[in-house]
Structures are given as structure tokens and as C-alpha cells.
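Chains as they are written, first to last, in my numbering: chain A, 1 to 262; chain B, 1 to 848.
Worth flagging that the hints you see were computed from the coordinates, not collected in a lab. Take these hints with a grain of salt, some might be off.
Once the Cα atoms are required to be at most 30 Å apart in a straight line, the calculated BS3-like pairs of lysine-lysine come out as [to be verified]:
1) B/K7 to B/K390
2) A/K40 to B/K7
3) B/K390 to A/K53
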Amino acid sequence: MFGRRKSGQGVAFGPPETPERTPALRMGEVYRTYDSGAGKVTALQGISVELAKGSFTAVMGPSGSGKSTFLHCAAGLDRPSSGEVWLGGTSLSGMSENRLTRLRRERVGFVFQAYNLLSALTVQDNITMPLRLNGTAVDRGWAEQVVFQVGMADRLHHRPAELSGGQQQRVAIARALITRPDLVLADEPTGALDSRAGAQVLSLLRDTVAALGQTVLVVTHDPVAASYAQRVLFLADGRLVDSLDAPTPAAVAERMSRLGER
Amino acid sequence: MIDIAWKTLRARKGSFSGAFVSLLCATALIAASGILAESGLRSSVTPHRYAAADAVVGGEQTLRLPGGDFTVSARLPETVRLPSDLVDAMGALDEVELAVGDHHLPLAVGSPDGAEPRSVLGHGWDTAPLGPFEPTEGTAPRRSGEVALTTGLATALGTAPGDRVRIVSAAEPAEYLVSGTVDHQGSGEGRGGSVFLHPDDVERLAPGPEAVDAIGIIAAPGVGTDELNAALASAAGDTPVTVHTGAAVNRIEFSDVGAARGLLLAISGSFGGLAVLIALFVVSGTLSLSVNTRRRELAVLRAIGSTPGQLLRMIGAEALLLSLVAGILGCLPGILVARAMHGAFVRLGVIPADLPLVVGPLPLAAAILLTTLTALVGSTAAALRPAWTKPVEAMRESSADRRAPARWRGTAGMVCLVLGISSAMTPIALRNDAGAAGTGGSALLLVVAVALLGPTVLRPLVAAVVRPLRRFRVSGFLAAEATESDLRRLGTVLTPLVLAVGFTLSMVHTQSVLAEAVSDQVDEGVTADAVVADTGSGGVGADVVGELAALPETGPVTPLRETRVFVPYSVFGDPDLASFPARGVAPEGLEDNLDPGVADGDLGDLAGATVAMERSGADLLGADVGDELDVRLGDGTPATLRLVATYERGLGLGGAMVPQEVVDGHAGPPSRVLVGAAEGTSPEELAAALEAFTERYPTLLLDDRDGFADSARAEADLAAWVNLVGLAVILGYIAIAVVNSLVMSTAARSREFALLRLIGTTRRQVLRALRWEAWVIVVLAVLLGTLVALLPLSVLSLAFLGTPVPAGSPLVYAGVAAATAVLGVGSVMFPVRLALRTPPVEAIGLRE
Ligand SMILES: Nc1ncnc2c1ncn2[C@@H]1O[C@H](COP(=O)(O)OP(=O)(O)OP(=O)(O)O)[C@@H](O)[C@H]1O
Ligand SMILES: [Mg+2]
């Protein structure tokens, strides 16, 4: 019961706000239904959420609760069955595949749960690929900084097959940051990392938010990782059921265990 | 994008090698057919007898129709002769120093004691300056009855000046005195040597004294080529002539060069057309396979922000780089293939050994261009779907593709199916080689239909084939599951195999049905008691035929003068030219010697300006008995002939029959004469009489109906062999494509094998499962290949032989099935064994 009430406070609804206060991401009543041969699966059931610019948010929830789907819809990688998604002030619905891709490329950095890198290309080429796709020149200073931050400076000429899982994940994060996107979405970026490396990655994400005013949304199963965020959203059965501001690992773990009971 | 494409290519040499091999071989195949075509257009033999001529004038050997474009044309089989007045008219020109009329007389020369006579060409001594030839020993022929031989020929015959030689012209032997030996003043002996006769003898032996085969011109001093050409053209006036200058005079000097070049063009047209089609089909298939094995990578690219257009451009750039490199490397094998084919044709005797291959840059460039374009189109087409799906969906689908096939594939597949079936029916409508061509085309179209319909056709078939496998607990079950789970992949690897099986069966059996039909029809259609054939003296002259008829033992005598007639007709308003092999026959007693199986009308009416035609040919022209047909004879002369009969046995006896008088002056003498026994004469008596008769005529051979049927079959077989050379090359290509696509698609599954190992499947079980899979592929390929070949073949066989079981050795079928099994199982098992060598943990760790 407590959780329910809290969710009402933490998740903002309502009309778009004044331009300067436009949220980085806004979703309104987003549904996503999969129509596979085995029957219909509703992965998202009316998600409405706003992320303020410069915020760092974590998403948690049991496996299969729709976290990845939520992130995909937010990034424009997938289209909702119904409902609206705004990136900055731009509505994604009805946008052509080409425009959507370009918008994504310029404004969104995405770190995938799996299938990260192009195995034919070196670490360096993988990281700079979005720039290449964009036709923009590499900002050397920024690229070096990103590569240094993720700790891959000495592995630039290796291929993904020669890296550990965690190293591959760090390359993927560097790739997501290289375009200085407004919005960084990461689907379990620390899943394959030990706690120290995971902490490093998350502080990297948090620091860039602070430095560049970026907005970050991270899916994670790890309460410690979630505690780096300013706010944690809890998903269950495709619905946003709860949220927690200024989380501590203990508080997050406690909420999660209650989610599991429901 | 190009640099990323390049990096990808370099990093993934392994997975691109399949596409690379396919492109390389395609370029080689296309280049080879291009080289044959160019040789057909441009190859030449160094002029010998006309080496000193500044120009040689000949008739227009190409039949063109007014109003028809260049495709509506035919090479005339008979020499188009020029009126002798032209010789004088050209000789009188200021620009011309000498104009001589030349005749190409087919002669057989032998020593009088009767040794095997040699076939050579005879010419008048007045043409000697065109060589020039000068006597080396003795003198030139000074009077009728004297001949000069080139030195090499004289040596070969063992004769010297002062000896006598026997020269046979149109089967009529005569003795001549060798007045001397002569030699070419430039190059050596030339091929086969020449015989120079006195101009009076030439006049006598030539088919018509008022016409010549060619006019050799030596220009007045200081006259340039253009000036000479213009003068000659104006002297020719209305007579259509072709003026050959420089090296091009070889075209008129060597009649076999023209024929061989025509043949090369025809081969490159049929073989080349087929080769290009198949190469393009295979290339686009392989490239789509190669794109499909990389769906996952494409999905990642989409997810990190490449637009569909960028993805297509990247795939295009890869295809471009790959096909350019493969294309350039494919040129050399292309040249080698063309050389091998040229060698095979020379060995078959269909093109002269001294006619070289012309290897120019054009066919090579065209081959590279063509494969590159196909590679671009094929790979971008395959990348269209991965490029345009939503990125998340793309990532999810990247492991196995279970989507329904695109709608257009189904439509296109049905169109090909319908076209293939209707093409299979052509032999019913057109009972000749042209009709039989529909059979091969049909098999090809049906293969394309199967390829396009893919999963739709395969699903029920596969279900039936794998059912017994499910009884096995592990390996059979795994094989059944793997086969059924990705029907699209199965379709891609099956296509080249089905193509190989279907194509081989249809080509080989089409030839055997045709050869069988020809020899059957000759066997049934020739009712004469004996056949007299000429070997090497240009045919059986009218006088000899007359003497044969005058023997007391002979009854009806029917000369068969082989030529062609061309009939202009229109297809949906477009002018076209139908070409029929024709026989000039003597109408008297025809029905005693020939039974062509009259369908309508009466062969007895075959006299004067008339024609009898094979039924389906007449149907094609829409002609009924009694109709008048405007035709062109073998030398292009127009004639209006009344259709008096139609008959059935056109394959063995020719598509048209005309009375001799129609082709007189437009075709050579008969190469065969059918002879019936006189009333009251037994076949043995006739044979004895003919035996004695042919003793007197050294080039005549006594034969019987079987011999006729055999030689007709041999001709059909030769044509078959020429086709089989092309077939062998195409098959070699398809075999490479088969191995290639199987290896590619199996190698791309190494993760799957590793996973099987990790969850506890033993190495042996994996191998056994894959062997089952390979056998399923082989069985399906043989099944489908047989199906696509059998339908058109049965129709052909039913139309030509009256039985739905196609003629030909069952060994062919066994061989095809065995080869399919070896290729199929081998190219699956090889990459599997290779993949299983890598420890599974390592293989699965290769994250993509
Ligand atoms: N293509 C699909 N077809 C059908 N159902 C799907 C498809 N993709 C996802 N789903 C279903 O949608 C629901 C949400 O999936 P999603 O991947 O978003 O879960 P998740 O919260 O990210 O889980 P995890 O923590 O395990 O990654 C699940 O029930 C899943 O089975
Ligand atoms: Mg997930």
C-alpha cells in the first residue's frame, strides 16, 4: 500500500511544461504488445514517465517485467503499440525510420544487454562508429577522455573477441558516450562486471551526467548499482509500480524484495 | 563507408571467401562466353590464297528482312554467287588493275591407282596472282586437262610433274596431267593445299558458268582502300555485295571460317546466355546467403544508429570491393576456360584448328561489370529486410529467421512456374530443335520457381522426408529439427544442387531424345533399298545420278539435296524469320524411297513451285495445304511456293521438301541418293549392281538405311557433343557453387555445433546428425531436380518419341544422383569436422 502511494508522488504525469523545462524523455501511456505465434504478450501496460534533464535514474524489476522493452521504446529502437514518446521536445510517433535513426544517433547513446560490438572492427573503430555513421569528425580530446574513463586506452587495437565480457561492456559504454548524447540508456551495463568495475562504470556515468548535463537511465538488478542513481523506478508486469528518491542499497533491496512478494 | 567495408572484409576473410569464390567463378564463366562471342565476331585466319588481293568481293551472305531489325537475320548456308558481268565491270575500273572471278570447287584428288582421295579446293590458274602463286617445278596448266598442285599436296599424293592424277568433282572422276607444282610466294603451304585447273576446266566444273563465287581485286598502283571500296561499290550497282579488304578477306577465302565463326557465335549465344543467367542466379544466391549469415552484425549496426540507407551502402561497398577484386582475378581462369572450350571444339572438328581465340579486353571488362552489378543488386536486395526492420526486432531475429517469405517471392515464383510449364509444352507445338530448346528453358524456369517459392514448396516435402529420422533418439531427431527450423537456409543451399541435377538431366536427355527421334524417323522414313553417298567431292552430280537411274537394277532414284529455306512470318506483328532444314528431291518415285508420314495433302503434287512441310512448322507459319508461301532459298533468292503436303517425320528428313528444280542453282548437288530396286530385282542383286557402280566412282559409298540412320544420328550426336562441352563447363561452375554454398552455410553454424557439444552431445552424435542433414539435402535435391527435369522431358519425349519415358542411358541418372550425394555430403561434413576441431568453449566464446 505504501509503495503504491509513493509511486503516485514520484512519477510525474500531466501536460508538457514550458520549453526551457522540457524533460529529456517523456512517455505517455505507452503500451507494447508482442503478437507472437504462441499468443499475445503485453510487455508494457501503460507506462507514463518523465525524466528531467540532467537526472540519473535507475530502473529495476524482476526478470521479464519489461525493463528492456521500456528502454527500447524510450530510445526509439522499438515502437510502442500505443502511446507517445517524446525525446526532448520531439515526438517519435509517425517519424520515418531514417529520421528516427538519425535522431537516435544524435541524441541517444545506448548500451545493450547483449550483442554489443562489431566483431570485425577494433575497439577504436567500434567506439567511433557512431561518429562515422553521423559523418562527424572525432573530437580527439573527448574520445581520449572517454576511452580513459572506461579504462580501455591500452586495448584500442584489439578486437572484441580478444576482450573479456566486462571489457566489451566498457567499450559499448564508450561507444554510447562518444557522441555526447542528451540521453544515455544502458541495459544492465554492469551485469558482466565485478562490483569494483561496476562501481567505476557507474561513477563514470554519474560524472558525465554532472559534467555534461546528460540524462541517464540505467537498468540494473544490483541494488548497489541502483544506489548511484538519484531516483529508482520499479517495474513489474509492464507497469511502473513504485519509485524511490535518493536511494541507498539497503532501501532498494528492501523495495525489491517487496516487489517479489507481490 | 568504404574503409569500414574494407576493414570488415579483411577481418572476415573466412566468411567472405565463399562469396569471393562464387564471384570469381562467375566472372570466369561469363568472361569465357564473352571471349567465345568476340572470337565469333573477330577471329580470323591469315589470308593465304588471297594474300596479295587488295580486296575480295563476295555476295551478301546475311539474309535480312526489309523492316526487320538486326535480330531478324540469318546466315545463308549456300554461297551467294555474283554475276560474271561484275568481273568485267570491276576489271574495267581505273582503280583496278586486275579483277578475277574465283570459284571454290570442292574436289577430291587422288593418284590414279585409287588410293584414298583427299578433299581440296580447286581454283582457276587465272587466280594465281591473288596469292601470288608461281610454278616451282614444271609449268602452270596451259590447256584443259592439265593441273598444277601446290608442292605440299603433290608430295602428300606422291606425284610429280608429268604424272597423272585423278580428280573427282561432284562424284565424277576424271584424269588430269600434272603440269607442275606451284608455291605461294609469301607464306608457306596454307592449309591442305590447293589445286589449280585451267580456266576452261573451271568453267566446265563450276555449278553455273554465268556466276562466280568471289571476285579477287588487285588495285591499280597508288589507289587507297577507301577509294577502291567506293569504286567497287559503285561498279556493283544494285547487286548486293560485300567488299572485304585487308585481313578480313579470310572470311571469304575460307568458307569454314565463316561457318565456324557462326558456330562460335551460336554457342556463345546459347551457352553464353545460359552461363550468364546461371552465374548471375548463383551469385545473387550466394551473396544473399552471405548477407544472411551476418544478420546479427547488421542488427547491431542498426541499433547503434546506422540508417537503413547507410547499411545498404555499406553492404554495397563490400560487394563492390569484393566483386572487383574477384572479377579481376577471375579473368585469367576465364581465358583458360575459353581456351579449353576452344580446344574441345577443335577436337570435335566443328571449328578449324587454325582459327584462333581472340582475347580482347572487352569481354573481360563486361564480365567484371556484369558480376559486380549482380553482386551489388543481389547483396543489397538481401540486405533490404534487415536494413528496414526495427533495430530491436532485427536483433531478435538475427539468430534464426522465421518470418514469412516476402509476398513478391511468391508471386514471382508462381510466374516462373507458369512460364516453366508453358515452356515445357513447346515441343508439342514445334517438333524440331527449336521446340526442344523449350525443354531446357523450362527446367531452368522451374528451378528458379522452386528457389523463389522456397519454404512454401519445401515445408511439406521436408516434413515427409524427415519423418523417419524422428525415430532416432539423438542424431536423427537433431537433424530433423535443424532441417525444419530454417527452411530458408535450406532453400538457399538446395537451389544450386537442384539446378545441377535438373539442368544436367534435362540437357543430357534432351539430346538423347533428339538423337533417338532423328534416327527413329530416318529409320522409318527412309524406305529405299539402298543409299549412295558422296564423300568429299562436293556431292553427287546430276550426270552420276542419271547414270545411277539408268542401271537396269535400279528403280526410283531420289537425290537428297540438303539446304535450308527461310520463311518470313510475323509474331504478334513483329517480323521474324523461320529457318527450316530442307531437302531438294526428285518428285518421281519419291514415295517409293521416302515415307515422311504424310499428314495432309499429297506428296505426288510436289512438282514445280511447290513445297511440303513438317506439320508443326506449317502450323507455326499458319499455312494450310494449298496456301502460297513466300520463302527465301538457301542463297537468299526469293520464291513463292505452294504448300502441297504436310508430314510428320521432320526431325529426320528435314523440315521442308521441295522439288529439285526449285533449288537448282541455289543449292549444291545431293550428298545422298536414295535408290530403290527395279521391279523384279532382289535387294541382293541391287546391292551387287551398286557395288560394281561405286567401284567406278571413287568417292561414292554404298550404304543402307541403317547406315543412313546411323550417320544422321552421328550428326545429331555431334550437335549434342557441342552442347555438352558448354554443359560440362556450366556444370563445373554449378558444382563449385554447390560446394561453396554448402560450406558457407555449414561453417556459419559453428556456434550451434559448439553449443550442442557444451550441453553434452558427443562429437560422434553431432557428426551423425549432420550426416543425416546432408542426406536429407541430397534426397531433396535429387527429388526436386528429377521433378523439374522430368516434367519437360516427358512432354518432349511424348511429342517426339510417343512415350513419356525419356530416352537415354539410366547410367546418367545414377551418375547424377551419385555425384549429388558425394558433393552434398562431402561439402557439409568437411566444414563440420573443421568446426568440431575447435574446443566448444572457445567456439562459443567468439562473441559477435
Ligand atoms: N519478441 C517478443 N515476442 C514475444 N514476447 C516478448 C518478446 N520480447 C519480449 N517479450 C516478452 O515481454 C516481456 C518483457 O520482456 P523484457 O525483455 O522487456 O524483460 P526484462 O525486464 O528486460 O527482463 P530481463 O531482466 O530478464 O532482461 C517478457 O515477458 C518477454 O517474454
Ligand atoms: Mg532485459
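Hints, verified against the model:
For the hint linking B/K7 to B/K390, the alpha-carbon distance of about 26 Å falls within 30 Å, and the restraint holds. For the given pair, A/K40 sits about 42 Å from B/K7 by alpha-carbon distance, which is inconsistent with the 30 Å threshold. At roughly 27 Å between alpha-carbon atoms, B/K390 and A/K53 fall within 30 Å of each other, so this suggested pair holds.
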